[in-house]
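Since the structure of chain A is already known, use the hints to place chains B and C on it.
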Amino acid sequence: MKLPDEGQQLRIYIGENDSHKGKPLYEAIVLKAREINLAGATVIRGIMGFGANSRIHTKKILRLSQDLPIVIDIVDTSENIEKLMPFLNETVKEGLITRKEVKIIKYLHNNK
Amino acid sequence: MKLPDEGQQLRIYIGENDSHKGKPLYEAIVLKAREINLAGATVIRGIMGFGANSRIHTKKILRLSQDLPIVIDIVDTSENIEKLMPFLNETVKEGLITRKEVKIIKYLHNNK
Amino acid sequence: MKLPDEGQQLRIYIGENDSHKGKPLYEAIVLKAREINLAGATVIRGIMGFGANSRIHTKKILRLSQDLPIVIDIVDTSENIEKLMPFLNETVKEGLITRKEVKIIKYLHNNK
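Residue numbers (the working numbering), protein chains in the order written: chain A, 1 to 112; chain B, 1 to 112; chain C, 1 to 112.
With the rest of the complex left out, here is chain A (with noise of 0.2 Å):
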C-alpha cells in the first residue's frame, strides 16, 4: 500500500465512555476504519479535559477521573478519509471533528 504525498489528518475528540452499539465508541471508529481498510488509527487517552463530550454547565469540578478524553487520529488521503464521515456522523454523538492537510514523507508496511 502506498499513500501519496499530500494527505489528510482527521482528529476525533470524543470521551472515553461513549459508546456505539455496547463497546467503545472508540473502539468502533478505530474497527471501522480499519474495515475501510484506511491506512492506520492511532488512538490516545488524556489525563484531563473538558469539551463537546464533557461539557459540564454548573460550576462543579472538572470531571478528572471519570469520562477522559479519548483522541482519535487518523491520516490518510482525504478521498478515504471522505469515507469514514458517513460513520463518523452517525455515531459521534457529542464530539469535536478537525481535518487538516499534512504532507505524508513516509509510510511503510513489511509484508509479513
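Incorrect hints may have been included.
Derived lysine-lysine pairs resembling DSSO-like cross-links, with alpha carbons at most 30 Å apart [to be verified]: (1) C:K23 with A:K100; (2) C:K32 with A:K103; (3) C:K23 with C:K103; (4) B:K106 with B:K32; (5) B:K100 with C:K100.
Calculated directly from the structure, the hints in this document are not laboratory data. Treat the numbers as computed from the prediction; the structure is a model and nothing was measured.
Below, chains B and C without anything else, positioned relative to chain A:
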C-alpha cells in the same frame, strides 16, 4: 455553541511538574480555558521527552520517569484562542506553544 | 535558543515494540533528536491502534495490549527537522511519518 468551519489548534508543550500558584500548570491552563468558555481542551501525558521544559545541559540520561512531558490541545476560533494568550504568556515559563489552522468538521454537545 | 515564527511539526507513528540496536526505536529517535540539538521531542503512547507498524492481514482481533502505537512529536525549523530524516529513513522500517507547518508562538527555557 457552534464553531465555524475554520478554526485553530493551539498546542502547549510543558512539563508535568510545572506549576502555577501551587497547582499543576496544565490544570491551571485547562481551568482558565474553561473559565473563558473555550470550546474544549485535552491534556495528554507523554512517556518520554525533552525540550524547552526539560532541557538538560549535561550528558546525564534523559529524565524518563519524572517531569514527563504534557501536551495540551485546544481547538477553537482564532479569536477565542487569542483570549487565552495573555494567561499563557504570564504562566508558561518554559515550554513551546504552537498554533495551526484546522478545518472544524463537527462540534456537538448535548444540552443536558 | 530561539526558534523563528514559522516551524514544522514532524510526527512519527511507530510501534512500541519496534527496536533499533537493542533499544526501543522511540528512545533511539529521541536520543538522536537531542544529539543533533533539535528543540524538543515528545513521545506519546496510544491505547489502541493499527497501521503501518501493526497491520494484521488475518481476521484476528486487533492487538490491544501489545505493541501499542507510539507517536513522536517534534517541532523545530524545517531545516533542523531535515537533519533527522536520514536517521529516520534508516531506522523506521514500518511506520508513518508526516510533516506540517506550524506557527511557533513561544519557545522558552530556563538557562539553568
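Q: Take a quick look at whether C:K23 and C:K103 sit within 30 Å of each other, Cα to Cα.
A: Cα-Cα ~33 Å, so violated.
**Q.** Distance restraint between C:K23 and A:K100, which requires alpha-carbon spacing of 30 Å or less
**A.** violated (33 Å)
Q.
Check the hint pairing B:K106 with B:K32 against an upper bound of 30 Å on the C-alpha distance.
A. Distance ~24 Å between B:K106 and B:K32 Cα, so the pair holds.
Q) Given the proposed pairing of C:K32 with A:K103, does the C-alpha separation stay at or below 30 Å? A) Satisfied, since the Cα-Cα distance of roughly 22 Å is no more than 30 Å.
(Q) Need the status of pair B:K100, C:K100: alpha-carbon distance at most 30 Å? (A) Cα-Cα ~9 Å, so holds.
Hint compliance for this structure: hints 1, 3 are not met, and every other hint is.
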